[in-house]
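**Q** Take the given structure of chain U and dock chains E, L, D, H, V, X, C, P and W to it, following the hints.
Protein chains in written order, with the UniProt record's numbering: chain U, 1 to 147; chain E, 1 to 147; chain L, 1 to 147; chain D, 1 to 147; chain H, 1 to 147; chain V, 1 to 147; chain X, 1 to 147; chain C, 1 to 147; chain P, 1 to 147; chain W, 1 to 147.
Quick caveat, the hints were computed from the structure, so don't treat them as lab data.
Heads up, some of the hints might be wrong.
What the hints assert, rightly or not - Derived lysine to any residue pairs resembling SDA-like cross-links, with alpha carbons at most 20 angstroms apart:
1) D/LYS14 to E/THR61
2) L/LYS129 to H/ILE116
3) X/LYS14 to C/GLY109
4) C/LYS107 to C/LYS51
5) E/LYS14 to W/ALA47
6) C/LYS107 to X/ASN58
7) V/LYS107 to H/ASP121
Said to hold, decoys possible - Cβ-to-Cβ under 7 angstroms is the rule here; a few derived chain L residues that face chain D:
8) ILE86
9) TYR90
10) LEU94
11) TYR96
12) PRO128
13) GLY130
14) ILE133
Since we're looking at a predicted model, the values are computed, not measured.
Positions of the beta carbon are idealized from the N, C-alpha and C atoms, including for glycine.
There are 10 protein chains.
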Amino acid sequence: MNREVCTAMVIEAKQEKQITYQYIAQAINRNIVWTTSAILGQNTFDATEAKIICEILNLDTDVEKALQIFPEKGVNAVMPPTDPLIYRLYEIVLVYGETIKEVIHEKAGDGIMSAIDFTMDIEKEENPKGDRIKIILDGKFLAYKKW
Amino acid sequence: MNREVCTAMVIEAKQEKQITYQYIAQAINRNIVWTTSAILGQNTFDATEAKIICEILNLDTDVEKALQIFPEKGVNAVMPPTDPLIYRLYEIVLVYGETIKEVIHEKAGDGIMSAIDFTMDIEKEENPKGDRIKIILDGKFLAYKKW
Amino acid sequence: MNREVCTAMVIEAKQEKQITYQYIAQAINRNIVWTTSAILGQNTFDATEAKIICEILNLDTDVEKALQIFPEKGVNAVMPPTDPLIYRLYEIVLVYGETIKEVIHEKAGDGIMSAIDFTMDIEKEENPKGDRIKIILDGKFLAYKKW
Amino acid sequence: MNREVCTAMVIEAKQEKQITYQYIAQAINRNIVWTTSAILGQNTFDATEAKIICEILNLDTDVEKALQIFPEKGVNAVMPPTDPLIYRLYEIVLVYGETIKEVIHEKAGDGIMSAIDFTMDIEKEENPKGDRIKIILDGKFLAYKKW
Amino acid sequence: MNREVCTAMVIEAKQEKQITYQYIAQAINRNIVWTTSAILGQNTFDATEAKIICEILNLDTDVEKALQIFPEKGVNAVMPPTDPLIYRLYEIVLVYGETIKEVIHEKAGDGIMSAIDFTMDIEKEENPKGDRIKIILDGKFLAYKKW
Amino acid sequence: MNREVCTAMVIEAKQEKQITYQYIAQAINRNIVWTTSAILGQNTFDATEAKIICEILNLDTDVEKALQIFPEKGVNAVMPPTDPLIYRLYEIVLVYGETIKEVIHEKAGDGIMSAIDFTMDIEKEENPKGDRIKIILDGKFLAYKKW
Amino acid sequence: MNREVCTAMVIEAKQEKQITYQYIAQAINRNIVWTTSAILGQNTFDATEAKIICEILNLDTDVEKALQIFPEKGVNAVMPPTDPLIYRLYEIVLVYGETIKEVIHEKAGDGIMSAIDFTMDIEKEENPKGDRIKIILDGKFLAYKKW
Amino acid sequence: MNREVCTAMVIEAKQEKQITYQYIAQAINRNIVWTTSAILGQNTFDATEAKIICEILNLDTDVEKALQIFPEKGVNAVMPPTDPLIYRLYEIVLVYGETIKEVIHEKAGDGIMSAIDFTMDIEKEENPKGDRIKIILDGKFLAYKKW
Amino acid sequence: MNREVCTAMVIEAKQEKQITYQYIAQAINRNIVWTTSAILGQNTFDATEAKIICEILNLDTDVEKALQIFPEKGVNAVMPPTDPLIYRLYEIVLVYGETIKEVIHEKAGDGIMSAIDFTMDIEKEENPKGDRIKIILDGKFLAYKKW
Amino acid sequence: MNREVCTAMVIEAKQEKQITYQYIAQAINRNIVWTTSAILGQNTFDATEAKIICEILNLDTDVEKALQIFPEKGVNAVMPPTDPLIYRLYEIVLVYGETIKEVIHEKAGDGIMSAIDFTMDIEKEENPKGDRIKIILDGKFLAYKKW
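Next comes chain U alone, as it looks inside the complex (with noise of 0.2 angstroms):
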């Protein structure tokens, strides 16, 4: 079973029966925002983690092991993207992009900030004039390396 079948049957059982992703995050003891993402087919479950979520979806090993194959990442992201929502996470890298470029090299000079060695949080705040939803990306500062 390759990837892709593996994620549609995940995602339509996840359906059917109901469940979150925080109740699966929880199951295997990480993070909501990994877990989601691993599941969509873009990081990679151990056996522990794939046995677990074909227990609660009630899955056969087939899905099991797919589910521990090293993905191709982003390969159906849609960009630029036409969803609203993912758009305007695209239009703040369009806008913002320099300037972010900017602040990190005046705060930690030369280099990037990891998206491998890397976490994100989102959170959603209650706010009396309209809730708000907070992201936090945190990745490790790289330097760019002379030889």
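**A** Coordinates of chains E, L, D, H, V, X, C, P and W only, in the frame set by chain U:
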């Protein structure tokens, strides 16, 4: 004077005088991220802010006026970004865009995180295993209106 | 059942039964534009609306559930549009986009018209020189936040 | 003088003299939207209109002549738009284009809304929950000819 | 039955029965160009036309209904065209587009040739130096409206 | 002098002197369409033609020589065209390209209409229901060679 | 049977029976290059040729008919080519295209080399320093018509 | 002096002095195709060749040095080409690329024709039915290495 | 059986049997990099190699034959790559491509590094500061031929 | 002085003085590859390095300062590359990208080779069958973080 010429003049003056974005931000009592974006022509200074900046950088009233023009945003951005630092942000949208959509919908329902009613903060966090960069995106949740 | 299959089934049933978008809109007490967009998978029905639609079109509960999924918006759109009707809308953005930006800024200051807190109406206006189509876009003005 | 140089000169003079599009529109007895589009080089002034504008802005006859050239439309537009305000219009075509096609066909049959025999109006509507922008597109319905 | 399946069935039946576009056009009393375009899913047959075509080609009522759907135009076109015959038309737009614009403006003023209120004729002209193809495009002149 | 500078000078002189393409075409005894295309740098004048044009427009021998350079064709065309007039031609290829291919093959067999051994005529036809534009494309039929 | 299915069937049969393009070319008395292109769906066999090919490959009359359809050319080509062999040809156009234009104009005047009244030959030339491939393109010179 | 300025100066001098590529090629004892490509900045002259060319065209030592820079190849090419002459070459790759791949593999096995260890010749062949252009591409066969 | 189906079957069998690329490479006495590329359909196995592989993976003679087809290279690659691992390689070309060109020219003169007469090696190097990956590209230097 | 002007001045001075990249690299005690990349504006010199380079090339302090700006990387790269030398590198990613991904995952697990904590070496290896170029890419293995 159009906004692009104005931006180039401010950056040149800033480099020559060795003044940081942080210094300018404090002088106008704004966050460094917003201030940098406005210098780079992605946001608009008001009259008072423009005046202070031109005093700091010793620039004339043409620049002061041009800093108050509502800019054409994002026009000089290269997409996909070629600079590794900016590309990593793009890659996060590519790899995690769908994940962010799913998590926001699960936490807040059918809507988006605004990129207009929006603030961003960037911090360097010292860490013995290697310093880390934290980027906090904070936008109003806007529910899709039904009619 | 994923949203695309669901959309195809609703449209087929609608064609077979010769039912108009207007009829469905009235049955669920919504505007024809919003209703059509939701049938085409660009907005989300709630449980009550989905139930009514499936009764009208004689479709089963799988469709009913799928109509309530938060959809991936815009993914099937062709840009630039090849269909002349849709291209004319694109052309209006191409030719008048900058004009609309200038006029909104002059009338309301630095901000945008929301496409989320947004409604649209479409009317045919009879006219002896040739009928006219009126499309009314109505979105909340969102000022750019400074921080 | 070509039309692009002419446009830049009119905009610079307009900014310097702090004259609004509305003021110019009233002086030539036209709608602000059409007037703005013609200043931006997307429509053509007649001799009388061009003369009045050059008097208001104190520009010479070269500009006056150039304002009467039939322009090359849309050439400077960036598509997809990078500016958030203009992008929201593009997003409306992306998300609702098919919807508009279906609704026009249901209301008026097989044809299109003209973007040539066409007018547009933009209004700001004050609202205690936040002001709103209304854009009214009004084009002749053109039926596809059969032959 | 959607329009694409319908198109494929009509073309297959037409090839099998060795029936020409010209024959079908005469049967429904339309020009061969319009008839061919409608068979290829770029225009819409009315009920009478659809019935005649299905009788000629021995196709059932599902096809008959589908031939009356208002089609999504141009979606299968490859641009730039790869087929040499179609590319030559594209090349004419590429090389002579600006010329056509200038000549129409000089002859008829500020406006366009409609592609909706439009007919086309294609003729083969025998010639001892080599036969020639004549394509006659005939569209209504639409003046740009001022408002 | 390269061909682009030459084109700009001819057009400027033509505008200043208020001379039509038709007038120049008659002076050199050519069709207005061909003459316009050659002025716009898409075809080549011979020495006699170049001389007459420079006399009419009062331009020097540098221009005269440059008008005889074999030009790089199509390089300034924007595809897809943004100008509505030129876009309508592109749309005809998009919507009717396949139709034209089918009709030419049915009428003349396996080959193409040449865009090199080719002439074009443009006429305005007065009509009480609205004037019409007629564009006649006339190219040699070239059969695909088998070898 | 459409042309793509037909092509796939011919190639599969050819591989299974281990028959070369050269063998088929000789059987129908055509050049190997033309024969290969026609098998790949870029040229059209006549009835006699199609019959011989189907006899050699033991294919039925559906294939025989489909081999005589005038094909849609070039639709499956990937541009820029990803295959190194085909890319080298593309690179020759990229690097030497302008050179070829200049040399043809110097040798033959203002016109082009036809790709329709055109033949191609491919030869392997043994050489002790490494064998060489020779591709001979031979097309009719078509002068640009003036009118 | 960079290579682009150098190219422009050589071409201008060549046009002014009415010197052919053939004449220059003979003066440096090279093929006209290679010579033209090197003048256009796609190949490199050695010191002796550069000197002869600058003497012929009466250009100074800056040009002489610049003609010896290893150029950035292909950067000014427009792909797909807009000029009909160059497009026909591109079309040959589009339509016959796969054919050439198949024939080379059948004749010489798994490898490519080099575009580096490569020569090209262009000839005009007089013919009563219309002159023909012959382009002979001749490249070393490079087998894919296995390791 | 075409090459894509064949590739999918080999990979599925390899996953099921938990066999490494290294194991297969040793069985056929080839480098792991070349072996992996050939399994992925980017290089060609000879008859002996194909036989061994099918024995190891328990696949039938259809696969064995298909593994010997000269493949269409690169067709499934996504460019720019979306997978972070592959993107980093692309980024190296983006950022260091010009550098590599300059250094090769300085060290070896006017020519290129072949990607056909070419081998690659990939090694993991253990390192207390974090393991490293070494990719060694080794291609024949091909001088540009002059003629 | 911005970084692009600075780069152009350094390269011009280097050409004029006939100084090699190797010579400059040794003067600042860095590898030729890194030094070349930094001269071309893809890496950053420190104050000492910038000073030495400006002394060697006889350039003033404006250049010295500009060499220390953190550059915008990759902005002038053409992708896909048109220059054959750089294209071959791109082709290696196109053809072997997936292979490299598979081999790295098999050897080191789920992660990537860093292009930031990264060095490159380029060597010419003399060989009687034709000299070879060796490019050694050496990057830290970064495992995907789970959280």
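**Q** Would the hint on L/ILE86 be counted as holding, given a Cβ-Cβ threshold of 7 angstroms to chain D?
**A** Result: holds, 4 angstroms to nearest chain D Cβ.
**Q** Given L/LEU94 was flagged as interface, is its beta-carbon under 7 angstroms from a beta-carbon of chain D?
**A** holds, 4 angstroms
**Q** Quick one, is the L/TYR96 hint okay against chain D at 7 angstroms, beta carbons?
**A** holds, 6 angstroms
**Q** Please work out if V/LYS107 and H/ASP121 have their alpha carbons no farther apart than 20 angstroms.
**A** holds, 12 angstroms
**Q** Between X/LYS14 and C/GLY109, does the CA-CA distance stay at or below 20 angstroms?
**A** holds, 17 angstroms
**Q** Taken at face value, is the distance from the CA of E/THR61 to the CA of D/LYS14 at most 20 angstroms?
**A** holds, 17 angstroms
**Q** Within a Cα-Cα threshold of 20 angstroms, do E/LYS14 and W/ALA47 meet the stated pairing?
**A** holds, 19 angstroms
**Q** Should the hint that L/ILE133 touches chain D count as held when the rule is a Cβ pair under 7 angstroms?
**A** With a minimum Cβ separation of about 4 angstroms from chain D (threshold 7 angstroms), the hint on L/ILE133 holds.
**Q** Tell me if L/TYR90 is really an interface residue toward chain D, meaning its C-beta lies closer than 7 angstroms to one of theirs.
**A** holds, 5 angstroms
**Q** Against chain D, is L/PRO128 within 7 angstroms by beta-carbon distance?
**A** Result: violated, 12 angstroms to nearest chain D Cβ.
**Q** C/LYS107 and X/ASN58: Cα distance at most 20 angstroms?
**A** Violated, at roughly 25 angstroms.
**Q** Min Cβ distance, L/GLY130 to chain D: is it shorter than 7 angstroms?
**A** holds, 5 angstroms
Going down the numbered hints, you'll see the structure goes against 4, 6, 12, while the others check out.
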